[in-house]
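Undergrad: Below are the chains, spelled out letter by letter.
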Amino acid sequence: MYSIFKYIFLTAIRDWLYVGLFLLLLAAFGISIVLGGTALVERNPMTTSYIAGAGRMIFAIGMILFVCFHIRRSFDNKEVEFILSKSISRHKFIFAYLLGFSLVASIVLAIIIVPLFFIQSGGFGLFYWALSLFLEMIILISFATLASLILRSAISSVLASLGFYMISRMMGFFVLTIKLPESFRDLSTSDGVMKSLLKVLSVVFPRLDLFANSEWLVYGIVDFSNIKLIIIQSLIYIPLMIFMSFYDFNNKQF
Amino acid sequence: MNITRISFYQNASRIFFFIFFLLFFIQFGFWFKTESIKPTVDIVPEVPNKYAVEALSLGDKQFYFRFLAIKLQNAGDSFGRFTALQNYDYSKLYQWFTTLDGLDKQSRFVPSLAAYYFSQTQKKEDNRYIVQYLDEHSSADIDHNWWWLFQATMIAKSSLKDKKLALDLAYKMSQNNVKEAPIWTKQMPAFIHAELGEDCSAFAVINQILRENEAGVREIKPEELDFMRYFIKNRLDGLQEKKFDPRKCKNKK
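Residue numbers (the working numbering), protein chains in the order written: chain H, 1 to 254; chain W, 1001 to 1253.
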């Protein structure tokens, strides 16, 4: 298990993940600082929000690409068969992979936290923001792993994961549309099919819109109920994805 | 037939290169004809509706707020343009302000932009939108936003020359219960009454503050008390000059 752990860490270096993401994040930080500096007032909150928002997007896209292409390539190069030929069970293999990806994610997260630590004004908000971003990434990694195991093409799994991420991030909007259609007077609410579809989506997809809100970095956290929901959501969704992966991988024929 | 086909394959790369070169030349011509076509850029961009804002924020309203706020700040002055504020559509700006308030009501950014920047318009009447926005923004929580009510009062008084409106706003500002707020937030209605020539009302406002001080509602610095006494004396002198009995002020506002 430790060797798989190490193997993923080394492949992240081999695939230039850290260097690539670091350079991208550096560019995003630079642009955020310049853009935030042009604000009439509240320059620090501006810069903080830009770094947090841009960092999260780069982080998510980077992890999706890394996970999907890494797993697909492992299958194509027969690395999976090679590892499974050793004394390791299939569920341990998945678990080790997820832990490895989580370690990679925590290193990238550390790169994002450093500049935020110096400019944010939300106090402990940074801690909760970082924790929820980490959990968000674990959910995303679990889904990307599952998508890569099920789908035969890396591109399809990347697209599926990106779609999953966008829909999950828009879940608050979907729920609002389902529950309070009268608040959107310009939206036709007569479309029952759309409403039902959104309802189905809201059941299946996680509420990622509650995660990593950059408001916590600017004003701190006043209401902790969101944090509770984030932890509960993660405790439900991460095992859900893991067991789904176990099931799929157990039934896979090599 | 075979000779023709062989000859075609022999010359294929030349033919392909010729077609490539021809298409490149056509592309160059296309560029030449279209390089002056610029995308239309509005001075004040269209305001996204609530529906779009909710969807596009992707759950992080603060990030989207900051993104839109800087877009509004730079509206009209991007891509080498410099637009005079009189050419801005202030009704659209007002919608932008309220939309952004829907994303973050705590931020000082939008009221600052409205009060310090957009209020400098050459078309003074447009400032009604600014005053309306600042009034709406502050009314929900006067204690935290008395400063913006003061800005609205000053814009109404100095730019719009609408002292009645300024007076209403000043009265609203005076309702704040913040201990740290300067005493002039309470005195402001009196100053505007005085400018309107309503000495009785001005007198009444200051008198009320002095009474509250005596009752221990708030502590007022001695120099402030001196100023208020001087203000009252001035008003009383003015009323006496007009041969008006100050005691009749009681029935007036």
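Hints may be right or wrong, so weigh each one.
[Said to hold, decoys possible] Over the 12 Å line for every Cβ pair with chain H, so calculated as not near, a few chain W residues: (1) E1035; (2) K1050; (3) S1057; (4) D1060; (5) R1066; (6) Q1106; (7) A1140; (8) L1160; (9) R1211; (10) P1222.
[Said to hold, decoys possible] List time: in silico DSS-like cross-link candidates among lysine-lysine, alpha-carbon distance up to 27 Å: (11) K1050(W) - K195(H); (12) K1105(W) - K179(H); (13) K228(H) - K1038(W); (14) K1157(W) - K1123(W); (15) K199(H) - K1124(W); (16) K195(H) - K1061(W); (17) K1124(W) - K1061(W); (18) K228(H) - K1061(W); (19) K179(H) - K1172(W); (20) K179(H) - K1050(W).
[What the hints assert, rightly or not] To give a feel for the contact side, a few chain W residues facing chain H, derived at Cβ under 10 Å: (21) A1055; (22) F1067; (23) A1069; (24) F1109.
Keep in mind that the hints were calculated from the coordinates and are not lab data.
Cβ atoms here follow ideal geometry from the backbone N, Cα and C, with glycine treated the same way.
Undergrad: Hey, is D1060(W) genuinely clear of chain H, shortest beta carbon separation above 12 Å?
TA: Label violated. Min Cβ-Cβ 6 Å, cutoff 12 Å.
Undergrad: So, as I understand it, the hint says F1067(W) touches chain H; can you test that by seeing if any CB pair is closer than 10 Å?
TA: holds, 7 Å
Undergrad: A cut-off of 12 Å on Cβ-Cβ distance, and A1140(W) was said to be off the interface with chain H. Does that hold?
TA: Since the minimum Cβ distance to chain H is about 17 Å, A1140(W) lies beyond 12 Å and the statement holds.
Undergrad: Check whether the Cα positions of K1124(W) and K1061(W) lie no farther apart than 27 Å.
TA: Violated, at roughly 33 Å.
Undergrad: Take a quick look at whether K195(H) and K1061(W) sit within 27 Å of each other, Cα to Cα.
TA: Holds, at about 23 Å.
Undergrad: Just checking, R1211(W) versus chain H, shortest CB gap more than 12 Å?
TA: holds, 38 Å
Undergrad: Given the hint that K199(H) pairs with K1124(W), test it: the Cα-Cα distance must not exceed 27 Å.
TA: Violated, because 50 Å separates the two Cα atoms, which is more than 27 Å.
Undergrad: Measure nothing beyond the straight line between the CA atoms of K1050(W) and K195(H); if it is 27 Å or shorter, mark the hint as holding.
TA: holds, 18 Å
Undergrad: Run the distance test for K1157(W) versus K1123(W): straight-line Cα separation, threshold 27 Å.
TA: Holds: K1157(W) and K1123(W) sit about 15 Å apart, inside 27 Å.
Undergrad: Given the hinted pair K1105(W) and K179(H), is their Cα-Cα distance within 27 Å?
TA: holds, 23 Å
Undergrad: Does R1066(W) really sit off the interface, with its C-beta more than 12 Å from all C-beta atoms of chain H?
TA: violated, 4 Å
Undergrad: Does F1109(W) meet its interface restraint, that is, does its C-beta lie within less than 10 Å of any C-beta in chain H?
TA: holds, 5 Å
Consistency with the previously given hints fails for numbers 2, 3, 4, 5, 6, 13, 15, 17 and 19, ordered from lowest to highest.
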